[in-house]
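**Q** Sequence:
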Amino acid sequence: MDSNSGGSVQYDRWNEDNINMNVEASQSTTRRIHDRVCIGSTGIAVKTAGALAALVSIYIIGYVTGYYIHKC
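Add 1073 to the 1-based position in the sequence shown for this note's numbering, that's all there is to it.
Derived from the structure by calculation, the hints contain no laboratory data.
Don't take every hint at face value.
[To be verified] Cβ-Cβ distance ranges computed for the label pairs, FRET-style: (1) Leu1125 - Cys1145: 29 to 39 Å; (2) Lys1144 - Ile1106: 40 to 50 Å; (3) Ile1142 - Gln1100: 42 to 52 Å; (4) Tyr1141 - Thr1115: 18 to 28 Å.
Predicted model only: the values in this text are computed from it and were never measured.
All residues carry an ideal CB built from backbone N, CA and C; glycine is no exception.
Using the sequences and the hints, build the whole thing.
**A** Right under this line is the structure:
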C-alpha cells in the first residue's frame, strides 16, 4: 500500500492508530492551463484552429514553392 497518488488514504489494517492521509495540493499552473485549453468545447475550438492554421501554412508553402519552381 505504498501508492503515491493524490487523495489516497493509507492504513495498516492491524494497527488502526497508524493512518496516513495524503491529500494532493492544488494542481500546477501548467496542468490547469492544459485542462482549460485542451479539454471540452474550448479544446475542440483550439484543436480546430490549430489544424486550420497548419493546413493554411502548408498551402502557402506549396504555393510559394510552386511559384518559384515554375517561374521560368
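**Q** Could you say whether the range 42 to 52 Å given as a hint is met by the Cβ separation of Ile1142 and Gln1100?
**A** Roughly 50 Å apart at Cβ, these two residues keep to the hinted range, so it holds.
**Q** May I ask you to test the hint 29 to 39 Å on the CB atoms belonging to Leu1125 and Cys1145?
**A** Holds, since Leu1125 and Cys1145 (Cβ atoms, about 33 Å apart) stay within the stated range.
**Q** For Lys1144 and Ile1106, compare the CB-CB distance with the range 40 to 50 Å and indicate the outcome.
**A** Once the Cβ atoms are compared, 45 Å apart, the range 40 to 50 Å for Ile1106 and Lys1144 holds.
**Q** Given the hint of 18 to 28 Å, is the C-beta distance from Tyr1141 to Thr1115 inside that range or not?
**A** 39 Å, violated
Violated hint: 4 only; the structure is consistent with all others.
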